[in-house]
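Peer 1: The lines below spell out each chain.
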Amino acid sequence: MTDMENRQIRAPSDWTYLPEPARIVSIRREKMDAVIALELADGRPLGHMPGQFVQISRLGYGEIPISVCSTPTRPERFKICVRPVGHVSDALYKASEGDWVGIRGPFGRGFPVRTMRDRDILVAAGGIGLAPLRSLIQYIRDNRADYRRIIIVYGARNPSLILFREDVNTWTRDSDTEMFLTVDEGDESWNGRTGVLTQPIKEEIELNPRETVAAVVGPPVMYRFVALELLAKGVRNRRIFFSLERHFKCGIGKCGHCQLNGVYVCQDGPVFRYSDLTRLTEAVEARAPEE
Amino acid sequence: MFRHRALPSYRVMSSEDLLDFLGHLMKSEPVMVPMERPDQPGFHVFDWLSRPEDLVLNYTTTTLPPKKAFFPPTETLFRFRGDDPPKLTPVKESGPFVLMGIHPCDLAAIEALDKAYSYPPPDRRWEYNRSRALLIGVDCVPDEYCFCDSLGVSQARRPGDLFLTQIDRGYLIEIHTPAGAETIAAARTDVANEADLSAAANRQRQKAGAFQGRMKTGPDRLADMLEAESFQDIWEDIASRCYGCGSCNTTCPACFCFTMSDELDWDLNSGVRMRSWDACQLQDFDLVAGGHRFREKRWQRVRHRWHRKFLYLYRRFGRPFCTGCGRCSRACTADINILDETNRIIEAASRGRTHD
Amino acid sequence: MAHEANIHIRHLTRVEGHGDITAVIEGGELKEVRFSVVEAPRFFEVFLQGRTHHEVAHLASRVCGICAVSHRAAALKAIENAFDLHISEQSTSLRRLAFHGEVLSSHVLHLYFLVAPDYLNVPSILHLARTDRDTVERAMRLKRLAYDLCEVVVGRHTHPVAMNVGGFPFVHDKASLSKMKERLIAGLADMEETVSLFRRFDSPAFERETEYVSLKHSDVYPFYDGELYSSEGETLPADAYQDAVSEYVQPYSTAKYARWRNRPEYMVGALARLNNNYEGLKPFARYAAAELGVTVPCHNPFMNNSAQIVECAHCIEESIDIIDHLLETGIRPEREQAPVSPRSGSGVGAVEAPRGTLFHEYTFDDDGICREANLVIPTAQNLANLEADMRAYTPEIIDQEETQIAHALEVLVRAYDPCISCSTHVIRLGD
Amino acid sequence: MTKTKDKPRIAFFDFACCEGCQLTVLQLEETLLDLLNHVEIAAWREAMSGGSDRYDIAFCEGSIASREDLNRIRRIRDTAETVVSLGTCASIGCHNALKNAWAMEDVLARVYGNKSNHFETLRAQPVAAVVPVDYQILGCPASLPEIRTVFKRILTSQPHPLPNDPVCVECKRNDTLCVLEKEIMCLGPVTRCGCNAICTSYGDACQGCRGLVDDPNLMATLRVLSTEQRHTIMAAVARKYRADENQIQEWFALYNGPDLQLTPEASDHGP
Ligand SMILES: Cc1cc2nc3c(=O)[nH]c(=O)nc-3n(C[C@H](O)[C@H](O)[C@H](O)COP(=O)(O)OP(=O)(O)OC[C@H]3O[C@@H](n4cnc5c(N)ncnc54)[C@H](O)[C@@H]3O)c2cc1C
Ligand code: SF4
Ligand code: SF4
Ligand code: SF4
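Heads up: the protein sequence lines correspond to chains A, Y, B and C, in order. Position 102 of the first sequence, counting from 1, maps to 380 under our numbering, and the rest follow consecutively. Position 135 of the second sequence, counting from 1, maps to 613 under our numbering, and the rest follow consecutively. Position 284 of the third sequence, counting from 1, maps to 1018 under our numbering, and the rest follow consecutively. Position 107 of the fourth sequence, counting from 1, maps to 242 under our numbering, and the rest follow consecutively.
It is worth saying that the hints were derived from the structure and are not from the lab. You may find that some hints are simply not true.
[Claimed, not checked] Listed below are the simulated BS3-like cross-link pairs for lysine-lysine, each with C-alpha atoms no more than 27 Å apart in a straight line: (1) B/K1016 to B/K950; (2) A/K372 to C/K142; (3) Y/K593 to Y/K570; (4) B/K913 to Y/K505; (5) A/K309 to A/K372; (6) B/K915 to B/K1016; (7) C/K317 to B/K908; (8) C/K317 to C/K375; (9) B/K1016 to B/K913; (10) B/K1016 to B/K908; (11) Y/K570 to Y/K505; (12) A/K511 to A/K480; (13) Y/K565 to A/K372; (14) B/K908 to Y/K505.
Please work from the sequences and hints to get the whole structure.
Peer 2: Put into structure tokens, the structure is as follows:
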């Protein structure tokens, strides 16, 4: 690097933190989330795998990590689902069709769609955690022959916060998916399950534990309870996958924000094997529930 | 002409010739050096040089390390304008520059950051800025906070191009790279004789004897110790004194965490994305939406600092991300000394304590 | 014709702080006229007690955002007098420089933002942004010049930093001082324009004799230094101010009033300084005075505005000289003096704030803790004189329409440049 | 990035304070003219006559210290869609709150003597304690960098969460020398940043005018000042100040009010 020749400065081909423009082709706003379909300026597919995320910018507001919620098997455009919780997510939520955003990525390690082949897949989603898992479910359904059962357990805080309603209806209706929907608090119109999502796992679902791979995404407190139920049913800890959330700035293992013991969540994850996480003292998600 | 000679090779230069050389360098490229703070005489700072005589080579330390030449505390990454589609223009400085007067510990830190930032995918901005720089190191005398010899970098030369050691008749110049050789070729230098080399070696010996403190074990054993035990009581004790002000991070030559933020122009349509140094000791460093904090207690953040420097990055890159420069101990507004606290951990581990 | 009028202007605009004008005319005769300060008082005098001299100096500037440097300087002088500390000539020069920045800033703000709209018939200077961009930009430029002068010396204008007991805790940068000097020189051209602008405005030809009080110094036009002087010819040391100045309360006003010896009203501020110190003015300032038709002694309170322009010119010239001197002698590092070991003492600090003579007086106990504080503020000293002028002026214009009378009184009040936020912090009672 | 609609109308109001914050807004100067491309000034008593009662964004400086203030701020809150507390007086209470350590009758009697019954005063409260505010700007005077940021954020409907890093972070980013090196004690390590560390840039101590960070380790300040330290510089500082708990408490009170307690109880996030 210190050779004189190298000191003749060549512009780097890709400028690490420069996003590329993408246009919002459609936006569907619900009370607490917006599903946004995006198209890169040059029209090429994003090239992601389920569970990967992008760093998305609203220029002038900032940049945040958001999971891609669409499947690469339907590549024309990709979708994200945003819950407005601050600066950038609010701005994305309020954006309109035709607006431009910036995209970097896709980044990170997604779900192990290979390991999952020829196995039963259990998907456990809490709240906004359904976003990356929807990508996985769609991917598996688009490659249906490669996989066996698809069991979906989804818990929302209340009926009005249920994401991807149409998809949820389809998964409930179709016979090739086993859908277990629950809400923490129902309302007058609600006649489905109420309670935490570990309940259906514990009480309703028959598993072939040796053949099951689980993918879990939700709020931090959810993970360990789900893991306990799955372990109790005999699912191997190597076959349970968590997608974790941390503060990301760069998405490529440089900024240091997402460091979790020796790993970078953005680069070594966000999807981790449960068995790997139990060794990491800072992985609160994998810690045994406190007495 | 030096190109084919074995490196390192040696030359000698008088102090006056050094200033001439500097004047010559300044004509073609900007030069950053340690100099006395204009606002606070008696203290030093790395800054761009406007007059050769402002150079101070026998400084003890600076608040900020020289890494700021490649990775400024706050910098613009790109400009944007909200057109249709938006226009994004990378911001980069042009032309090569010289960074002079780097102590061995800071050279070692630059090497460490080279590793961290070039780990794929590489940080192009760091690489670009690094590739623009010629590095000239200089020998030093340890102060009360230094312990670089405990970490094996008190004689570090890489990735410097040239290295200066003060001797009676000026400076002994070690030439470590072809780029260094080419640069020095333009200067008035003399052959280095036996006396020069032994004077320099003498100084190294003096330096080795001048350290007031030592780390009580090597980095390898330290990493094992940190991995094996929790030391929670020690972390808690440090944390009870710690402000969480992050000064230990922001003065560290081997820290490299950052944050990014946007700033709009007054037209509210164009603006810039900036990146600035961040610090893991700050309360909000790992805060995520929804108010979750993953290192909620101050002692967890303190532990993270030690673990990151001596365990995580040690395992990942094969070297501790501390060079013993002593800046954090000096900067700590709460009197937390990294060497003392590290030795406390080592002692506790050596006493064979059990987990708590 | 206003035979009957009941004028009440609530929260007069374009002045610092909250004040009301009341004028009652019955049967063509002025019955009552007054200017009442209704700003909520802030009680500095109470909470300065029990504080260390560091804290006193820090809090002092918070009395007023517009004359923060003056308050800080007065407090520093009082503290230094109390503890018998002496600051270097260099520190004195730097404090003077900051002072000139403040006077310039305060006067420019007053002249362009508060006064000029009256004469240009707009609600505010910003309303000229389209029609008379030149004037707006010049106003901004002069403000910026003043602000930047303060910034170079004391970090910022409002609540100066680094202006501490004993000296400055950092060394001023020669390069930025030289750059400042260039800009000050360029600023003289803007002053020339300012003079031409304000020459166009006609001031009412109203005169009333009164006593003018200010500091006076044999060598310099006094802002930071000098002895107390009255236009009746009396000179007395600043720390004997209580012999002459005493304060009293009016039930309709949260500010206090002051009398000079037995005279119930007197005037301080730009006009008073000019009347008392004309010889100290720099050449360009004298030229400005001539252009604006200011001849001393001048008894027309409306001319206070012109006196401020003259002082702006003077401040710029004087600042150039000070910078020249500093650059010539070289700027030596001087450490902020360590606090004196706690001890008792009391001291007075008197300076010329933009609006007139300002006194701070503190008494410290054996532990160096402030036990008593007394602040006498220019606007409070001017209130009685202002009301006397209103009483004398209203009959002269009593033939006009009620709205015109109201407007004329507003213009008169503004000419005094009252600083109301300051005036509500006065301390001990006069009797 | 915002679609142009009607320009929002902004207004400035002042309560008990030194009016230095408004003056600092005037220091935007050239940018003030840029700003006028985006907003209309509806009322600014200090700089303009004939203000209007129709405004969308109200900048309020100063503390609420009288019944009239109370009514006025409530009216403003009812009228404005967005209320901004401008400066520490309006956001935290600042020096005005120092008088709250005394009984209000005593305060009046000390200043107005036997005429004190003509006047009234209330315990001083920040605007932010009396009505809900949408944006806070801290600083005494309001920090210029934050004024800029908040203006832009309001105009692009972005929230402005107060920064939670201490002033030391900005000191380092500016590469200024820590004043402790000169044996000057500083409140920067527990004070909320956002002022670009202006005081320390001029070699002076931070007096804490932007209030405390969320989780200040106040006991650390106490320890640093009141015991002998190992660190050469810190030992010198401790020797120089020899401050007791009381004095430190008074120092913090300058901006954080007289009620702040220095207690050894660990906070939520400590130690
Ligand atoms: C891998 C990954 C995938 C995610 N996928 C989704 C998704 O599909 N849909 C969705 O709605 N949300 C998702 N999130 C969460 C989303 O990134 C945060 O909601 C977002 O960063 C909040 O930023 P903000 O600017 O809106 O809020 P801010 O106004 O910045 O602040 C809100 C809080 O978020 C914290 N924060 C700031 N930046 C980040 C960051 N980069 N990461 C985490 N927290 C941050 C702040 O410290 C603050 O406490 C994902 C996060 C990660 C790490
Ligand atoms: S510099 Fe000291 S007080 Fe500040 S975070 Fe580091 S260890 Fe804590
Ligand atoms: S000067 Fe104050 S704010 Fe700055 S680093 Fe030092 S202690 Fe922190
Ligand atoms: S450095 Fe401290 S006292 Fe100075 S402006 Fe910033 S917060 Fe206020």
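Peer 1: Would you check the hint for B/K915 and B/K1016, treating anything up to 27 Å between C-alpha atoms as holding?
Peer 2: holds, 16 Å
Peer 1: Are A/K511 and A/K480 close enough, with their CA atoms no more than 27 Å apart?
Peer 2: At roughly 8 Å apart (the allowed maximum being 27 Å), A/K480 and A/K511 satisfy the hint.
Peer 1: C/K317 and B/K908: Cα distance at most 27 Å?
Peer 2: holds, 22 Å
Peer 1: Would the hint linking C/K317 and C/K375 be met if the CA-CA limit is 27 Å?
Peer 2: holds, 11 Å
Peer 1: Holds or violated: Y/K570 and Y/K505, Cα atoms, limit 27 Å.
Peer 2: Answer holds: Y/K570 to Y/K505 is near 21 Å, not above 27 Å.
Peer 1: Would the pair B/K908 and Y/K505 pass a check requiring their Cα atoms to be no farther apart than 27 Å?
Peer 2: holds, 24 Å
Peer 1: Is it true that the CA of Y/K565 sits at most 27 Å from the CA of A/K372?
Peer 2: The hint holds at about 22 Å.
Peer 1: Take the C-alpha atoms of A/K372 and C/K142, compute the straight-line distance between them, and say whether it is at most 27 Å.
Peer 2: holds, 20 Å
Peer 1: Would you check the hint for B/K1016 and B/K950, treating anything up to 27 Å between C-alpha atoms as holding?
Peer 2: This hinted pair holds, its Cα atoms lying about 15 Å apart.
Peer 1: Between B/K1016 and B/K913, is the straight-line Cα distance small enough, at 27 Å or below?
Peer 2: holds, 22 Å
Peer 1: Tell me if the straight-line CA distance from Y/K593 to Y/K570 falls inside 27 Å.
Peer 2: At roughly 22 Å apart (the allowed maximum being 27 Å), Y/K570 and Y/K593 satisfy the hint.
Peer 1: Taken at face value, is the distance from the CA of B/K908 to the CA of B/K1016 at most 27 Å?
Peer 2: Status holds; Cα separation ~24 Å.
Against the hints set out earlier in the document, no violation occurs for any number.
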